[in-house]
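**Q** Protein chains in written order, with my numbering: chain A, 914 to 1281; chain B, 914 to 1281; chain C, 502 to 587; chain D, 502 to 587; chain E, 910 to 1166; chain F, 910 to 1166; chain G, 192 to 379; chain H, 192 to 379.
Think of the hints as simulated: they come from the structure by calculation, not from any bench.
Worth double-checking, as some hints may not be accurate.
What the hints assert, rightly or not - With a Cα cut of at most 20 Å, we get these calculated EDC-like pairs of lysine to aspartate or glutamate:
#1 D:Lys538 / A:Glu1135
#2 B:Lys965 / F:Asp1068
#3 A:Lys924 / H:Glu222
#4 B:Lys968 / E:Asp1003
#5 G:Lys277 / B:Glu1259
#6 H:Lys273 / B:Glu1135
#7 A:Lys968 / E:Asp1068
#8 G:Lys221 / B:Glu920
#9 G:Lys279 / B:Asp1260
Claimed, not checked - A few chain D residues facing chain F, derived, Cβ under 8 Å:
#10 Thr506
#11 Ile513
#12 Lys515
#13 Gly516
#14 Cys517
#15 Ser523
#16 Tyr540
#17 Asn555
#18 Ala557
#19 Ser563
#20 Thr566
#21 Tyr568
Every residue gets a Cβ at the ideal spot worked out from N, C-alpha and C, and that includes glycine.
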Amino acid sequence: MNHIEHESIPKLMKGNEALAESAIRAGMQGYFGYPITPQSEILEYLTEQVPKRSKAVVLQAESEVASINMIYGAAGAGARVMTSSSSPGISLMQEGISYIACSELPCLLVNVQRGGPGLGTIQPSQGDYFQATKGGGHGDYRIVVLAPSSVQEMADFVFDGFRLAEEYRIPAMILADGALGQMMEKVHLPKEGSLPYHDHPWATTGKPVTRERNFITSLHMEPEKMEEINLHLQDKYRRLKKEERFELINTKDADIILVAFGLTARICSKAMNLANEKGLKVGVIRPITLFPFPYETIAKHATLNRIFLAVEMNAGQMVEDVRIGVNGRAPVYFRGRMGGMIPTPEDILLEVEALAEKHNLIHQSTVR
Amino acid sequence: MNHIEHESIPKLMKGNEALAESAIRAGMQGYFGYPITPQSEILEYLTEQVPKRSKAVVLQAESEVASINMIYGAAGAGARVMTSSSSPGISLMQEGISYIACSELPCLLVNVQRGGPGLGTIQPSQGDYFQATKGGGHGDYRIVVLAPSSVQEMADFVFDGFRLAEEYRIPAMILADGALGQMMEKVHLPKEGSLPYHDHPWATTGKPVTRERNFITSLHMEPEKMEEINLHLQDKYRRLKKEERFELINTKDADIILVAFGLTARICSKAMNLANEKGLKVGVIRPITLFPFPYETIAKHATLNRIFLAVEMNAGQMVEDVRIGVNGRAPVYFRGRMGGMIPTPEDILLEVEALAEKHNLIHQSTVR
Amino acid sequence: MITGTVVVATEICKGCELCIASCPQESLSLSTSINRKGYRYAQLTKNNCTGCMNCALVCPDSAITVYRQPKSAKHAAEAVKNAQTA
Amino acid sequence: MITGTVVVATEICKGCELCIASCPQESLSLSTSINRKGYRYAQLTKNNCTGCMNCALVCPDSAITVYRQPKSAKHAAEAVKNAQTA
Amino acid sequence: METNAMIDGMECVYAKPHTLTEQPTHYCPGCGHGVVHKALMEVIDELGIGENTVGVAPVGCSVFAYMYMNVDMQEAAHGRASAVATGIRRVLPDRYVFSYQGDGDLAAIGTGETIHTVNRGENILMVFINNGIYGMTGGQMAPTSLAGMITSTTPYGRDTALIGYPLKITELLAQLPGAYYVARHSVHTPNAVRKLKKAFRASFQFQKEKKGTCFIEVVSNCPSGWKMTPLEANEWMEKNMFPYYPIGDIKVPQGMK
Amino acid sequence: METNAMIDGMECVYAKPHTLTEQPTHYCPGCGHGVVHKALMEVIDELGIGENTVGVAPVGCSVFAYMYMNVDMQEAAHGRASAVATGIRRVLPDRYVFSYQGDGDLAAIGTGETIHTVNRGENILMVFINNGIYGMTGGQMAPTSLAGMITSTTPYGRDTALIGYPLKITELLAQLPGAYYVARHSVHTPNAVRKLKKAFRASFQFQKEKKGTCFIEVVSNCPSGWKMTPLEANEWMEKNMFPYYPIGDIKVPQGMK
Amino acid sequence: MVQNHEIIIAGFGGQGVLSMGQIIAYSAMKEGKEISWMPAYGPEMRGGTANCMVIVSSNRVSSPIVTTFDSGIILNQPSLDKFADKIKPGGLLLCEESTIITPCKRDDLEMLMIPATATATNMGKKQIANMILLGAFLERRPIVSLENVLKALREVLPERHHHLIPMNEEALHLGQKFAAEYVDHASV
Amino acid sequence: MVQNHEIIIAGFGGQGVLSMGQIIAYSAMKEGKEISWMPAYGPEMRGGTANCMVIVSSNRVSSPIVTTFDSGIILNQPSLDKFADKIKPGGLLLCEESTIITPCKRDDLEMLMIPATATATNMGKKQIANMILLGAFLERRPIVSLENVLKALREVLPERHHHLIPMNEEALHLGQKFAAEYVDHASV
Ligand SMILES: Cc1ncc(C[n+]2csc(CCOP(=O)(O)OP(=O)(O)O)c2C)c(N)n1
Ligand SMILES: Cc1ncc(C[n+]2csc(CCOP(=O)(O)OP(=O)(O)O)c2C)c(N)n1
Ligand code: SF4
Ligand code: SF4
Ligand code: SF4
Ligand code: SF4
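The following block holds chain A by itself, in its conformation from the complex (with noise of 0.2 Å):
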């Protein structure tokens, strides 16, 4: 991923607040959302400061539905846009995301989850996993899923998230969490105006005599020609392999690996170092981009009389990946809290201990 520069002086700051102000050092030109806990500080952010520091539109749209379509919109005529919502809201935005991925529109998406299904709770949540990478909107699409884990990857991952968008003309979204929107911590902020624009030769803003009409169209009667897009778009998706991330911690000669994202992968680190303590090798694997996700890196680590662990915020998602990774070459499990309810420390090391001591490796790991 590419270097982005930071202030050298912190702030304290709430993780909706940081993603804003971001966006607005990022050079974002246009905002659509609709309020919605726990990410409502976005919208309410941005209407305070922006009026005050750029010309960039910000608009409370009518609905989420309305939002996205205005995003396809402004971004359909070459602008760098951003919408936010949390679960239920970003459900809605289903047909308008797989619309926006066919036509190949860069934008950025944030999904500060909150707990499900239905209208659920409004506490922090990872159930919208196969939503953002298996695509909830009809076809095939994908579209790029970063996961951040702290107020710092609130802030940072907005650039990034830019700058894959409109380098590969896809939407990406920032799926994050409640805790993570409402929490405060410590950022250094990234400089305003870091983020180059690069010109879109096929954006809609009015046709010169000197080229052909631009159009935006989702829309190919002929199937072989719809097929032709959907190869186009799956070749990109394999293109994008080479921006996958992830963070490794302690993997190297750990018995049992935790794999988790975002909150919960700081919340395994945690449980980590309690287990270490007990003289158990664990190690985590961070995925940070979701999509694509990083297959690789987890068969890499499938070794023999290895064990995974996924943890989750959801029911057991990600792990559906893992085990794909994975590919039967080490026991995966799954431990996962749901409905807005976190997981902590003392839960996952309680796991950790359970499957150590029923794959035996308590003896193993103490006597090295």
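For this one, chain A is given, so just place chains B, C, D, E, F, G and H with the ligands on it according to the hints.
**A** Same frame as chain A, now just chains B, C, D, E, F, G and H with the ligands:
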């Protein structure tokens, strides 16, 4: 699955019409939907037939969002209800489906898929497998997904769908495609009134003094409560395993196993015949319930020097579940057509021959 | 003149003061002490209540029950009716 | 009286007959033969066309081009302007 | 609490109706939602139709209405209460059905459902709480927020040049043939509450007669969203909301006084 | 075709404008869409604003408008054209933006976006083709289908008691302060086409002056959906559609004749 | 042994292409055969091209989609250009004469040019051309009996159109006659 | 060696519970420490309960969610009932006196009852009670210096509230005094 009583005299019908006729015979009490190709015949057939034959409500809603929420209301009031649409329309229903799944309301959803993503084409596709089986909406929910492969099953699965929906208090979806909807075949229709009604003590029909009020909701402010709801749902999904359905064709001593659902499975069985004529030992597994997916069945067949080839009208979706089922015990390949293109038996035969070559099964099987 | 009285469910009351403002007799005022929710609550501090029910009608939390001196059982019954349907 | 003529793009025409109905001179009628799309197409069958452009205005497929006898180059130029902005 | 309790020889003339549960509300002190809930439930109690009534709660502060209203209820997705009510009413044609929605729910995300429900003349009562703001999510602008009004998403006041004027959806709906009875009320005084109850009573009568949609707007407050005390809020409401959203009947059937 | 060709000494006085592509349309014979496309594109050609114009096509029979209109265009999701146009206009404030929608698109699934776009007074031209039916999907009922009208989803005629009266969305929109110029036109005669072009011209002028939303309804035909010949269709339209959807200005700015 | 006949019928929308296929399928069903009918059309509501694949078989039809055909009934030039090569060698290719500008060059087919439209127009009912073609087809490939086709018509057509049945019958016979007397191109 | 202090601050909404936590976090950041502040609230917009977890550490904070705490600052009974058991043995438990009906029974804690509200009301500004509690906390657990807290206030408070800073300072000192002179329950 339960036995369905059929008429002895067959009819020649389009898949969409057979499905609509079957809904009337299944005692459907309410239909709410919005037109979209290639399934508008369902609403058209119902508006023409129902007034003559039943007291059922048939309402053309102003949108798919309205449709799915009318379904929520009517199902919550205890009625046997159905809606139908095609890919983009189903995307708009994702929030509503998540609500219905969480509130445990029985209803039948029909997705006659077309080529995506975006507006795409009106030609057949299987591009919504992920959306249907992993939950295109937010949060951890699943719905029963039935994949018909003939006009006969378009009719039969209406009965199966309603039965499962009501038995498990879960939305059931018939995941068809444009070809199945538009093609005509011979069909023995299920007998009218052969699907019994059950009373729904949880339904909001007006609160007699004799009971506490009923309410339908998916909101639970305390995450602890919301997690309970989720655990309850997950438990239901486990219980559903016993409803798994699949079809096996010549899999017994096959070297190459084709895995396909819906119409594609029939094309595969034709390819299988062509391959067998050439002395290749090919069989077909057709998952009929896509959720619950018959993982064990796949696993049982994943034995030494066997090859799996998943064939789909998409860029590779069900194949992920095949991989999870096979779990590394055999190589899994994929062949797909996209955007409304239908694979031909010849397409698939070529693929099979190439694989046979690669894993030199040619000689092997010809000498047998 | 009919006299009446009100009973405020002090643990339900949120101290919004709407009843106080709506009382023509100025019979109500806020307590000094707080309830378990942390609110000061309404209380009858004068004994000139006529049982007009204004306070109860505007109470968002249905915390007020109103009682009235019956002229006779019959009248009282009516009173109830009027009160509810007036 | 100005005289004019029209040219119908016969492969574009779909034979909807709207032009025919809108022609004050009844100069147009449908062909007997069909075009490659399978439509009978409009054609000028009388030579009394005034170049009024009615047919062209209502043609959904912009299949009609209209020509007019210029009184003078200048007038013709005007004619064009009027035609387009009238 | 039992209504007929005697205290020193007095009789109970007013108590919480049985159509309200004992559950204390989560509403802010002085919030109009509580008053409207009570008025509606009292009418249902008085008409004795509680057993034949199904209600629909919105997503908004009144999302928990079903915890307080002691009748069968459904909690609809944000903006879809009228579609949900349509579904219920169509399959239960002999029941009374009402929906209860805030201004964000009914007039922003739910605009399409609202217009088409009324246009179909669904036989339901739609209760519309207009407090000019999104209460539940923390005081953001609503379509009904007044010009220049400061909310958490219009920190410099609603700029009509950029986001348009407050939407008088009730006046729009009154234009539709499907709308049978349309009126705007409030609950800031005892008399206002009495009038509102009259309107509810009439609406259920019309629903019984299958006359079409009855739509009752209640101009209400949001002390928290407006950052005022309840008393200040009601005063501000009279001064600022009423002029733009005048209280009174908007569409009344022939011969209804 | 080059406009200034001479045939036997005559000059070309009328030819397809450069703002239309050479692509033959997929529309049914006699369909009004083609006429409206042409009228709109001629005006853009005449005003010479093609280079500064971005259009939005709907989902409906005119979904392919971008294949015929030779300006930059976007094809919006069903019902969302006005939201898409809003997105474009907001980030390109110095461009002309128009949306083009059918009645299902604009007045059914898109109702919410339509109302709020106009309520915001977005500086765009909204062209609304009202043919009282869903053409593209095979002649289903539209919100604008006339009472008693037979469509593929109202085989016994639109029953207003069950699904309400045809929705006069244009009259509703005219009530909104954001709507600056609202008119209803048709294209069934040469003069009707001339009038429509005038309205388009005025709309672009107002848009230039940032006056707010201009909304032009065109009552049009659907020979296929109505199961008539083009000539029968236009006659039926005059006889049945015009009385319910009267042609003429609905909201005109001061001093516009 | 499995008996299978795979047919493509293609032309403009409105030429009765789809109904022709449905009648074959329906009659075959009446004869206890297995069948499938698969339509395809373009975006146009009127005009544009349309076609259907019909499979009549003694066994359950596996794939309703096939890429080559035993017979083709072609009603316009674009369809001929598209499907001419997809007819199996020795297969039957029936064309509506007036719509074909450049005929198919293949000499390994049983190829008939039937003046169906002209004849139908003379009969005073243009729409009946498809029945003439159907008659010709059944003469060369009697996969269903004419009796059953007529039964089918009676059952498929709504009462109010039954008066047209005699005319349809005449058209079928005319078509048979054409095909019977026809001197095949291939055999020239 | 890693220094870690994990605090829970809980009470009614509107008691300044969340801002108290933010001030600690902000001052700690100023001192170059690592921090996290995690809030939690109920459905109510006004009233209802609110709390925040604050972690101040010498190293990067791994999990911002913890289940046991070194210190608890409690402003109402429900919160006390909820968190009393979650304070680590030997930990600090500060309570706002007037809001506590049934105090915590544990004897393994450093427990202080501070009449913050009463005092603040006397000072004429009820809202300032949280500053008194903060002062008391810092007296017993000086994880950040008072100077930095005051700096923090200056930077966090909008200009228009700066006139309140002296009063806040006084409150902090009063709190310190209470804590300094306090005779611990545990040690009774
Ligand atoms: C699809 C969706 N979008 C947004 C939200 C967030 N949300 C909940 S309530 C609400 C608006 C509440 O305002 P209003 O309808 O006026 O009711 P009030 O709270 O003022 O009574 C919003 C935007 C949601 N729950 N679901
Ligand atoms: C989300 C979604 N729902 C439904 C459809 C199907 N659909 C396409 S066009 C259309 C309506 C067309 O009618 P109208 O808008 O009146 O335009 P017309 O074709 O009459 O010009 C519908 C329902 C779709 N493409 N997408
Ligand atoms: S109106 Fe009700 S809640 Fe408000 S103060 Fe009076 S009794 Fe308490
Ligand atoms: S109006 Fe145009 S399309 Fe119609 S007949 Fe005349 S020329 Fe042909
Ligand atoms: S936030 Fe406003 S609307 Fe919601 S309960 Fe509080 S006062 Fe009422
Ligand atoms: S279906 Fe109707 S609207 Fe569509 S092109 Fe044909 S005539 Fe026009």
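**Q** The hint names D:Cys517 as touching chain F; please verify it with the least Cβ-Cβ distance against 8 Å.
**A** 3 Å, holds
**Q** Once the shortest beta carbon distance from D:Asn555 to chain F is found, is it less than 8 Å?
**A** 4 Å, holds
**Q** Given D:Ser523 was flagged as interface, is its beta-carbon under 8 Å from a beta-carbon of chain F?
**A** Interface hint status for D:Ser523: holds (6 Å vs cutoff 8 Å).
**Q** Please check whether D:Gly516 passes as an interface residue: C-beta within 8 Å of a C-beta belonging to chain F.
**A** Where the cut-off is 8 Å and the nearest Cβ of chain F is about 6 Å from D:Gly516, the hint holds.
**Q** Given the hint that D:Lys538 pairs with A:Glu1135, does the C-alpha gap stay at or below 20 Å?
**A** Within the cut-off at roughly 19 Å; holds.
**Q** Does D:Thr566 pass the interface hint, meaning its C-beta sits closer than 8 Å to a C-beta of chain F?
**A** 5 Å, holds
**Q** Is A:Lys968 close enough to E:Asp1068, meaning Cα to Cα at most 20 Å?
**A** Distance of about 16 Å is within 20 Å: holds.
**Q** Quick check on D:Ser563 please, does its C-beta sit within 8 Å of some C-beta on chain F?
**A** 4 Å, holds
**Q** Holds or violated: D:Ala557 as interface residue toward chain F, Cβ cutoff 8 Å?
**A** 5 Å, holds
**Q** Is it true that the CA of G:Lys221 sits at most 20 Å from the CA of B:Glu920?
**A** 15 Å, holds
**Q** Can you confirm whether the C-alpha distance between G:Lys277 and B:Glu1259 stays at or below 20 Å?
**A** Judged against 20 Å, a Cα distance of about 14 Å means the pair holds.
**Q** So, D:Tyr540 near chain F? Judge it on the closest CB pair being under 8 Å.
**A** 7 Å, holds
In the structure shown, no violation is registered for any of the earlier numbered hints.
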